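A.B. asks: Spelled out, the chains give:
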Amino acid sequence: MSWASLSHLTKLGEPKKIVVKGPGEIIHAARPDRAAKIAPILTETSSGGPTAPHPRGAVQFIERQAKSTRRYKVDPKLRLQPWLNEAITQSNQNLDELVTKTIEHLRKAVNQQRLLEAQGALNELTRTPQGTAAVRRHLSTATMKSIIQLSKRKV
Amino acid sequence: MSLEFSGTLFSGSDWDGISLLVGVGQNERYSPLHDFNLLGQLLLRNINSVDIVTSDEADGNIILFQNPQIAPNFQDNFLQLGADASFGEALWNFVWPTDSVLLVASNRKGRTETRISFSAGFLNQWNMFVDQELGGGAAQRQGDPTFTWEMFPEDIDHLDSNGTYLKIFQPLAISLPWPWGEYAASLTYHIGLFIDSNGHLRCWGQRWAYWIEGGAKTGHIESNLKPKVIAGLGILVTQVNQMLAGFDALGPLTDVYYLPGTQIPALGTATLIGNTFDDVTIVIEH
Chain A
1 MSWASLSHLT KLGEPKKIVV KGPGEIIHAA RPDRAAKIAP ILTETSSGGP
51 TAPHPRGAVQ FIERQAKSTR RYKVDPKLRL QPWLNEAITQ SNQNLDELVT
101 KTIEHLRKAV NQQRLLEAQG ALNELTRTPQ GTAAVRRHLS TATMKSIIQL
151 SKRKV
Chain B
1 MSLEFSGTLF SGSDWDGISL LVGVGQNERY SPLHDFNLLG QLLLRNINSV
51 DIVTSDEADG NIILFQNPQI APNFQDNFLQ LGADASFGEA LWNFVWPTDS
101 VLLVASNRKG RTETRISFSA GFLNQWNMFV DQELGGGAAQ RQGDPTFTWE
151 MFPEDIDHLD SNGTYLKIFQ PLAISLPWPW GEYAASLTYH IGLFIDSNGH
201 LRCWGQRWAY WIEGGAKTGH IESNLKPKVI AGLGILVTQV NQMLAGFDAL
251 GPLTDVYYLP GTQIPALGTA TLIGNTFDDV TIVIEH
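These protein sequence lines are chains A and B, in that order.
Start counting the first sequence at 1; every next residue gets the next number (the numbering used here).
Start counting the second sequence at 1; every next residue gets the next number (the numbering used here).
Just so you know, these hints were derived from the structure itself, not from any lab.
What you are looking at is a predicted structure, and each value in this text was computed from that prediction instead of being measured.
Glycine residues also receive a C-beta, built at the ideal position from the N, C-alpha and C atoms.
Some clues are possibly wrong.
If we take Cβ atoms under 10 Å as the criterion, some of the chain B residues that face chain A in the derived model are [said to hold, decoys possible]:
no., residue
1, P179
2, G181
3, N198
4, G205
Let the hints inform the model, and build the full structure from the sequences given.
C.D. replies: Next up, the structure:
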């Protein structure tokens, strides 16, 4: 049997639908001769790990990279935060008020913890289109830029 | 703690519908969103517009991956939305069913980048390596290899889910005398690049694998192929490190990271459509 018999699995697929509008140029990357290309298959007969210990520098690099990778996680304790419960109460079921209070909480001290809390709270609200609209009304580009500037100051 | 850039993924067109605020923090490089992350936010194959807000800290890139064939996350066709540092807010509308998303901060403030194409830079070396290690026997290369990546892999043995790897896939043809005919096979290596304590770019070998078509001669083929594949990983690492020593002249390096496809000049504020099986761009920061 030859690879030609597997072409239905190894032929590279074209994207389903491409419609995009945005700033700047839209570039379609040059593609090598796709007819001749055999895309990777996932099936393996056997596999194995490193045949030599990792160099020391590699171990340190891997650890550093893990720390510099932001995983999306929601803190389950977010709902217990006093500032958030107070904001929920005071906003009286008004989405704009709650978004404003969340951003105010963040602006008071922009640090890792508050950024994550604000992100978690706002992402909870944007689970509905109404929440998305409220966040977009108040988290403008100018507001984001000022938050970024504030975050550069040592707190 | 500052932000390199932030972004929002929207289910609706024109930045409407449900949404997810995402971002990359200061001194961070990547933020991966696997298919299960998107599903949890009801955004799997349901993202139709995006915004990116950059500061002067870095260029912001949000890369959306679409897998026409079943493939692990962050592979196959991709739509990369890029915004220059200090661009402000950049907005996109699109039709692109998205299976996974990767945020990457590039062109960081105060740093210089040197970019190289994985496929262009390694093809000749790879072909010589395979021919030397497998040549003379029944196994021959079947076409060009695929130089690609494996990013934050889930459930792949011997790969760390926090890892970012370069992957080389080589189809093989094993010719046997009559009446056994030809067997298809393949070999796959995963290597990682890192900056060592001298500020030099080097690599390590993480994983080897092979596949052999099933049949009466599979065992016989495997007994010949397997030891060569295993030994080949160390030989490959040695040869790659000899090549990478050529970048020592850049001076002390600070980081190395990857972008999909070929992106030798930085993308800037633009959109790039490509495929991860075509190439990987290795970005050396110094």
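A.B. asks: It remains to establish, for every hint, whether it holds in the given structure.
C.D. replies: For each hint, the structure was consulted:
| no. | hint | result |
| --- | --- | --- |
| 1 | P179 | violated, 13 Å |
| 2 | G181 | holds, 7 Å |
| 3 | N198 | holds, 8 Å |
| 4 | G205 | holds, 6 Å |
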